[in-house]
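Q: Given the coordinates of chain A, work out where chain B should sit on it, guided by the hints.
Chains as they are written, first to last, in this note's numbering: chain A, 1 to 221; chain B, 1 to 221.
A portion of the hints provided could be inaccurate.
[Unchecked claim] Heads up, incomplete: computed chain A residues facing chain B, CB under 7 Å, no partners named: (1) V31; (2) S45; (3) R138; (4) S153; (5) N163; (6) L176; (7) D181.
Hints are computed from structural coordinates only; laboratory data are not their basis. Note that the Cβ used here is the ideal one computed from N, Cα and C, for glycine as well.
Protein chains: 2
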Amino acid sequence: MQIAILIFEKLTALDAIGAYEVLRSVPGWEVRFVGPQAGLVRADSGSLGLVADDSIDQVTEPEIVLVSGGEGSRPLMNDERVLGWLRDVDRHTRWTTSVCTGSLVLGAAGLLDGKRATSHWLYLDRLREFGAEPTSERVVEDGKVITAAGVSSGIDMALHLVNRELGEEAAQAIQLAIEYDPEPPFDSGSPAKAPKEIVEAVARVAAAGDEWLGASTGSET
Amino acid sequence: MQIAILIFEKLTALDAIGAYEVLRSVPGWEVRFVGPQAGLVRADSGSLGLVADDSIDQVTEPEIVLVSGGEGSRPLMNDERVLGWLRDVDRHTRWTTSVCTGSLVLGAAGLLDGKRATSHWLYLDRLREFGAEPTSERVVEDGKVITAAGVSSGIDMALHLVNRELGEEAAQAIQLAIEYDPEPPFDSGSPAKAPKEIVEAVARVAAAGDEWLGASTGSET
Numbered sequence: 001m002q003i004a005i006l007i008f009e010k011l012t013a014l015d016a017i018g019a020y021e022v023l024r025s026v027p028g029w030e031v032r033f034v035g036p037q038a039g040l041v042r043a044d045s046g047s048l049g050l051v052a053d054d055s056i057d058q059v060t061e062p063e064i065v066l067v068s069g070g071e072g073s074r075p076l077m078n079d080e081r082v083l084g085w086l087r088d089v090d091r092h093t094r095w096t097t098s099v100c101t102g103s104l105v106l107g108a109a110g111l112l113d114g115k116r117a118t119s120h121w122l123y124l125d126r127l128r129e130f131g132a133e134p135t136s137e138r139v140v141e142d143g144k145v146i147t148a149a150g151v152s153s154g155i156d157m158a159l160h161l162v163n164r165e166l167g168e169e170a171a172q173a174i175q176l177a178i179e180y181d182p183e184p185p186f187d188s189g190s191p192a193k194a195p196k197e198i199v200e201a202v203a204r205v206a207a208a209g210d211e212w213l214g215a216s217t218g219s220e221t
Numbered sequence: 001m002q003i004a005i006l007i008f009e010k011l012t013a014l015d016a017i018g019a020y021e022v023l024r025s026v027p028g029w030e031v032r033f034v035g036p037q038a039g040l041v042r043a044d045s046g047s048l049g050l051v052a053d054d055s056i057d058q059v060t061e062p063e064i065v066l067v068s069g070g071e072g073s074r075p076l077m078n079d080e081r082v083l084g085w086l087r088d089v090d091r092h093t094r095w096t097t098s099v100c101t102g103s104l105v106l107g108a109a110g111l112l113d114g115k116r117a118t119s120h121w122l123y124l125d126r127l128r129e130f131g132a133e134p135t136s137e138r139v140v141e142d143g144k145v146i147t148a149a150g151v152s153s154g155i156d157m158a159l160h161l162v163n164r165e166l167g168e169e170a171a172q173a174i175q176l177a178i179e180y181d182p183e184p185p186f187d188s189g190s191p192a193k194a195p196k197e198i199v200e201a202v203a204r205v206a207a208a209g210d211e212w213l214g215a216s217t218g219s220e221t
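Chain A extracted, bound-state conformation:
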């Protein structure tokens, strides 16, 4: 099984690496990090460099494709070369997947039309622009498309995917191997659970740095 994880300038690194760590643990599964161009990309913080060993032109028939999210996913939504690649690989994939705002790139490629899908909670409504039905679940499977919520959800999505392909024991073994027994110190990981003032503060900070989101939240206030 060949898995192509799309990375790019200003991605959110955990989007890709959470899922990667699960998928790379399956014997016989080969993960390739692919970029619009081969070579180094910097994550959104600026302090982390990741290497795309291949360009998208070099990986044409992965069985699984995963699109990462983050600030850098925005320009990809108008990048016809990347969108065309996604449409092409989707014709052959067993699973077409995303983490965080990677789903907006799948949407821009036309791959979410009529599908239930999710994204980072701040961007969930934007899925409608691509004919998708926003769904605030952590992992959403519709046909062969699996979308995941924000950032850390890639871990859950990848375990879900291993379970679907290889069954419960394989997924349980990997969960144990990466000791994924989460104990966040608080229960504020979703807008439905976090205190209202925290939700507002995070939305405000995000909007201040993001024109698209700024326009969106601005229209509500």
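A: Structure of chain B alone, referenced to chain A:
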């Protein structure tokens, strides 16, 4: 606040990136990825390259140091240059931390003597060799040393650390920003929770690829 995350050949990438994604989200906190040498390192899978922007010689007084784990942490336990660096930086840090088998490197540097500490569950007992008291909790704070359990636990550890430094609201905001509302499909993330046959299978596979662990589990059977 300057944070040095030690990465190296054959690290387990999620050890570093889970914690990084939390810590880099704090305004004013600067994460530096440092290696024994500056430059590219390959993660344990072989399929991922990460860049250490600095060598350990270039980052001498971080307020927080974090040692990643994975197969590549083993040779570091005999690398006097790295161990000396850890002892040196520990004299100035506010927090000295590790994820997964990174705690064994802290132990080899003599920094866990007499302390409660944790590690990946498969390697927990090895902490005794360094005078530490193995503790099967997910995040263990003893003085200024914080150790975390296997791989994915770095996310929890980093949120704990943000809470300790900046309080509950900062930690909650970052948890929400990375949408850390975990929903693993199974409850098998620790040896206490996973089915016995899964625990045995994972231990067997790990031991087959790991001489140290092989010797350890071999002595029990």
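Q: None of the hints should be skipped; say for each whether it holds.
A: Comparing the hints with the structure gives:
For V31/A, the interface hint holds, since its Cβ comes within 7 Å of a Cβ in chain B; the closest pair sits about 5 Å apart. Look at S45/A: its Cβ gets to within about 4 Å of chain B, closer than 7 Å, so that hint holds up. Annotation: R138/A was flagged as interfacial toward chain B, and the flag holds, the nearest CB pair being 5 Å apart, inside 7 Å. Checking S153/A against chain B by beta carbon gives a least distance of about 6 Å; that is within 7 Å, so the hint holds.
Annotation: N163/A was flagged as interfacial toward chain B, and the flag holds, the nearest CB pair being 6 Å apart, inside 7 Å. The closest approach between the C-beta of L176/A and any C-beta of chain B is roughly 5 Å, which is under the 7 Å cut-off, so the hint is satisfied. A hinted interface residue such as D181/A counts as satisfied when its beta carbon comes closer than 7 Å to some beta carbon of chain B; here the least separation is about 3 Å, so the hint holds.
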